[in-house]
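4 protein chains.
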Amino acid sequence: MAFSLPTYEAPDFSGRKLRDCPPVAFAKVRKTGVAPENYHATSIYPEYFHLGDGPWRLLEESRMDCVVVLEKNGTLAAMESRHLRKGDLVALGRKENGEEGIYVHTKGFDFSPNGTDKFAFRTQFTRETSFSIDYDQLYDLLQFERRNGFIVWVLGPAVSFDKDAREAFVAMVERGYVHALLAGNALAVHDVEGALYGTALGQDIYTKRTTPLGHYKHLDAIRVVRSHGSIRKAIRAGVIPDGIMRAVVGKQVECVLAGSIRDDGPLPEVIGDVYEAQDRMRALTKRATTVIALATQLHAIATGNLVPSYRVTRRKTVRPVYFYTVDMSEFAVNKLANRGSLTAHSILTNVQDFVVTVERGLRRRKHGE
Amino acid sequence: MAFSLPTYEAPDFSGRKLRDCPPVAFAKVRKTGVAPENYHATSIYPEYFHLGDGPWRLLEESRMDCVVVLEKNGTLAAMESRHLRKGDLVALGRKENGEEGIYVHTKGFDFSPNGTDKFAFRTQFTRETSFSIDYDQLYDLLQFERRNGFIVWVLGPAVSFDKDAREAFVAMVERGYVHALLAGNALAVHDVEGALYGTALGQDIYTKRTTPLGHYKHLDAIRVVRSHGSIRKAIRAGVIPDGIMRAVVGKQVECVLAGSIRDDGPLPEVIGDVYEAQDRMRALTKRATTVIALATQLHAIATGNLVPSYRVTRRKTVRPVYFYTVDMSEFAVNKLANRGSLTAHSILTNVQDFVVTVERGLRRRKHGE
Amino acid sequence: MAFSLPTYEAPDFSGRKLRDCPPVAFAKVRKTGVAPENYHATSIYPEYFHLGDGPWRLLEESRMDCVVVLEKNGTLAAMESRHLRKGDLVALGRKENGEEGIYVHTKGFDFSPNGTDKFAFRTQFTRETSFSIDYDQLYDLLQFERRNGFIVWVLGPAVSFDKDAREAFVAMVERGYVHALLAGNALAVHDVEGALYGTALGQDIYTKRTTPLGHYKHLDAIRVVRSHGSIRKAIRAGVIPDGIMRAVVGKQVECVLAGSIRDDGPLPEVIGDVYEAQDRMRALTKRATTVIALATQLHAIATGNLVPSYRVTRRKTVRPVYFYTVDMSEFAVNKLANRGSLTAHSILTNVQDFVVTVERGLRRRKHGE
Amino acid sequence: MAFSLPTYEAPDFSGRKLRDCPPVAFAKVRKTGVAPENYHATSIYPEYFHLGDGPWRLLEESRMDCVVVLEKNGTLAAMESRHLRKGDLVALGRKENGEEGIYVHTKGFDFSPNGTDKFAFRTQFTRETSFSIDYDQLYDLLQFERRNGFIVWVLGPAVSFDKDAREAFVAMVERGYVHALLAGNALAVHDVEGALYGTALGQDIYTKRTTPLGHYKHLDAIRVVRSHGSIRKAIRAGVIPDGIMRAVVGKQVECVLAGSIRDDGPLPEVIGDVYEAQDRMRALTKRATTVIALATQLHAIATGNLVPSYRVTRRKTVRPVYFYTVDMSEFAVNKLANRGSLTAHSILTNVQDFVVTVERGLRRRKHGE
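Chains as they are written, first to last, in my numbering: chain A, 35 to 403; chain B, 35 to 403; chain C, 35 to 403; chain D, 35 to 403.
Since the hints were derived computationally from the structure, they do not count as laboratory data. Treat the hints with care, as some may be off.
One copy or two, it doesn't matter: identical chains are merged, so the pair holds either way.
[Said to hold, decoys possible] Mimicking DSBU-like on lysine-lysine, the simulated pairs with C-alpha atoms at most 35 Å apart in a straight line are:
{"hint": "1", "residue 1": "K120", "residue 2": "K267"}
{"hint": "2", "residue 1": "K129", "residue 2": "K267"}
{"hint": "3", "residue 1": "K106", "residue 2": "K51"}
{"hint": "4", "residue 1": "K400", "residue 2": "K106"}
{"hint": "5", "residue 1": "K267", "residue 2": "K51"}
{"hint": "6", "residue 1": "K62", "residue 2": "K106"}
Computed from a predicted structure; not experimentally measured.
Please build the complete structure, drawing on both the sequences and the hints.
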């Protein structure tokens, strides 16, 4: 099955409903980092702004919970309030249907609806939901995105805790299915621990045996990297024989390691300031066309906050951004949904199985099965 | 890696500790279904009884929470109290080290221990535990058991809810990896629903689309089977084109479908009396050498209650019984452990992935990879 | 806050849409236990049947997944297919808006809707949902139902595992807040175990210490009851000093203990045939006006299957049936929802806390705080 | 029941085993932030160091995964590697029984053991474990600690999502049961949102109704605080009428709000650099005698990393540090255990119920019931 992007249908601005809308108002920021009252906040959907001087303008590179700034060069930018400077022009208005020159477009892509019986089973999404089609669609999607998109993976440490999953992820990096990696200190620490000692938190990642002095292993791994100055330098020095970080560095995959208060160490590449880390994550999510978040509530929600439902391509077409979350608990998945994030695809399973299955599926596809 | 059974080391009854133990006492049942006071209750371990007239006798075909009856022909039987008849001779004594002629042998098989640091990480078993080795061992085990053992699968309905998982299980049945199936009405109902309409509870098992009038589908499936008189007859009549039940019937896999108060229908083969169902399940678990329970708390716990940690082979050697539980929640797994069941191997994942992965792994092995 | 029942608005059968509908067709059962083709299956909603000879008739005492039988005396009965006898007249038709003489009325009670923003947070129901109002409403509801309704509690064994929860439930029984109890063998076994030995599965229900020979305690409890002949007789004999079963028997609360394949024993009152148990449960749920299911997936789903969203009172008014499920996992709650059960109120918490909190809240209310 | 601290039994350093141990070796740090090879890493237990010149020295103010530095003034300090400066003297040795002059003392406090049957039920800790005694002990403990200890609460945002829980926590702050608060941006944001609009993420914290434009509420709350310059200033200005932050500021409870990549805003008091935040958290956990972590995996694990099992009082006695985690999932609790954290007391329940129950229990106690 060949993959093709769904068509995007822009709103009809010449139609009666939107033709006569007023232009959007802007107000100046009076205090750095504080939006003016009645500021408009962005959603995950394409939003159009009527600037009064021509066609409605689509906000590119959006994310939810931002304000919209009219920049000096005339472009519109979705900006976190903390980045506002005195004098910035911020769009005002909270109506969503054009009444204030803002139109939130929730139906740009056609996703066919479900039945309309008065009484129906299985309206909720659980671990008992069928996932066969999700895997098949994901193989198609990743093969397409490998060449035509930007695939961002968000990884919890669990992926480095299991030998097969770790190797499968490395294989996907090496075959070009990973364009960016968002993770925390722990993923990198335990991946390096695996490379140096074959363990994660002191437990063998294959045999599961607890190593003697196991609680030193991750500290020793951190020490080795810190003594070399960075993960990159340690890899160059040849002391990290395998693993995710080595593959990511070797393939020049873009990578943000964001710090958290749980961290030991940290490793030198980890960004300690979370707002700087968030900005760097957003620099990557702006380019994302598919995001896959595995077994990490913290990073999955953080990334979910940053990713809109659409992306404007270089040729100025609008395409969807696909967002997958893979987790063991309905709670984690619902929590993301409750933050308003786009989670069209959730797969409730162990990420070890998920990663191994996806890698095998992609390999099988390639070999023409 | 070739699989081989671990050696069993029987207790040393000639040694000082056990040589001079008294014989076990028996008392007569005075009321049907009621054990005498101070009855001995079985565990999951091999238990030996000193009958006074020769060597200590190993209780064969045990299960936990039973009493031990000395039958007229001189054999010992582990029996549920409800089956006691007036006059039956029941073993007495609750000491476990021979003091009362009973020896509970917990260390017959050598499973190497873990480390002994004072301070250690990862002593608990969770979804973040590595499972690579479990899969590899399971492939070895199932290939061995296929010819040399008796593999009992315990299935929750979820296996029939997903196209790939359903097909993978069918493939394992057809290639001889399933010797007995324990399940409930729902597994069979939704499997037949899948065969007739491609749905489970009205939802397409591949596309996940809700069918119009979806809440009729399982009722219609039940109706079709009941109108034919039984699953077997419906299959013979050619109305069930595929699925687990068809494969199980076709391969003459032994099967117990146990009723529950949740059931619609039920299908004709389902046993409505749960204690009769339990007896029939035990007739199969007595022969079990490996048990794999998937996504069903009710049936997994019920089966866990019935399965001891060992089995006496025809050649009178003692071998372990392997018990795997696959579930999404630590709670389900812990609950089984808290009932005292042997759960040497728990895999925390979605059974859809588990079944598909195991089937592929077995296939790959066979093809010599 | 005084509690009052919401008003029920019947459909307007004199209106254009329904006035000219045809009467519902019936077909005869040709094989015992098998409905005729195109049978109508009930939902949880009030359903009206046009019999041609006067006003549309409301189906009383409904439950989902039943067929509708026109009995000889002219009344309509929602009946499980397994109870159909040859010659029974079964309603036909699967259209829900009167086209075939059947009207499924989903909007009889006014429950105010939520907002309609295009973009909204917190549309899912999770452990982080606020529950203060649920408790307050429950106090009001239970005080009302105590005198005016029929409160059915569905209990998993966990309620008997904790001293405070067990005592709180007993207090509610004694003060008239429990009209019927649905549970399994385990609830009764561990409650009696608590009465006799202060333990549950061998663990002290207050100190949590494991008793020596703890794995005998539930078997001993079963033995004591069986030797007396029944729970009732054991209570009368004075050997069960306290607990839920004693309170239930003492207050003549109606009680169904349904068997399952997990059971040890069972206790004499437990019904081994699950379909007979289901029938007995339904005899009680027909009278239910409020159902509260605590920490039991099996019994909660079984009861959910039996309980419609409404009840016709003696004075022939229609009132809602309130259904609460209390569980620790979103999965359990979603599973119930996916079976189509009415779960307007789910509380995600530990039932120990729930029972203790409700009992204290009711007591506080009574004392005029 | 009056609460009393358990007695601490120091190791017998005059005994044979420890008398002749060598003194511990130290090595100089050669690169800032990098420990010398063979560094000793701390555990959660009291650790003694033999300095050669007198009695063994107990490491005060420990935490796990630190190195031990001999400071110029002769004291020993547990220090994160990242704080090491060139020339610092770091203790070497990984043996735990004095062989290298280091003794890890795991048995200083007497906690009575459990049974030793060969076969036992309920060895795992789950939602079905009884919690009555934990509540009773917690009341005693908190009453004692209120005057004699330092109680640190670690809060996830859920506590601010529910009206009753939020009020109960405020009441505990006001009555002196909260000496320090560790939380993230979200707890403060939604608490202020509750004060300003009665909502959390746009949902009414009592009625659960979704407010129109609900997804603006937390952004508006952030804006209000930022426009005032800080939470403190906003409170002083009178715009925050109630809630946790107001109570905490009013009672001068010490507070660290640590940033994360999930944050909107952030509020001005939030510390963006996670390692600085960790240091500030440790400054408070050094004083902690009881820690209670509610519904926050991130902050609970972070705090668990920082808290040792003991504390040296001003009068140089050694007492235990009590650590409670309250969460809905066995996974969260196990995860903490797998990090080696001391989690003697875990309560599996909804924190809303927990907070309300504890507050009521303390109040009842005080009134002499």
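Hints, verified against the model:
When the C-alpha separation of K120 and K267 is checked against a cutoff of 35 Å, the pair qualifies only between copies, where the shortest distance is 21 Å, while the shortest distance within a copy is 42 Å. For the identical chains of this complex, K129 and K267 are inter-copy neighbours only, at 32 Å across copies versus 52 Å inside a copy, given an alpha-carbon limit of 35 Å. For a Cα distance limit of 35 Å, the shortest separation of K106 from K51 inside one copy, 30 Å, qualifies, whereas the shortest one across copies, 60 Å, does not. Neither within a single protomer nor between protomers do K400 and K106 lie at most 35 Å apart by alpha-carbon distance, with minima of 48 Å and 64 Å respectively.
In this homomeric assembly, K267 and K51 never come within 35 Å of each other (Cα to Cα): the closest approach is 60 Å inside a single copy and 45 Å across copies. In this homomeric assembly, K62 and K106 come within 35 Å of each other (Cα to Cα) only inside a single copy, at 13 Å, whereas the closest approach across copies is 56 Å.
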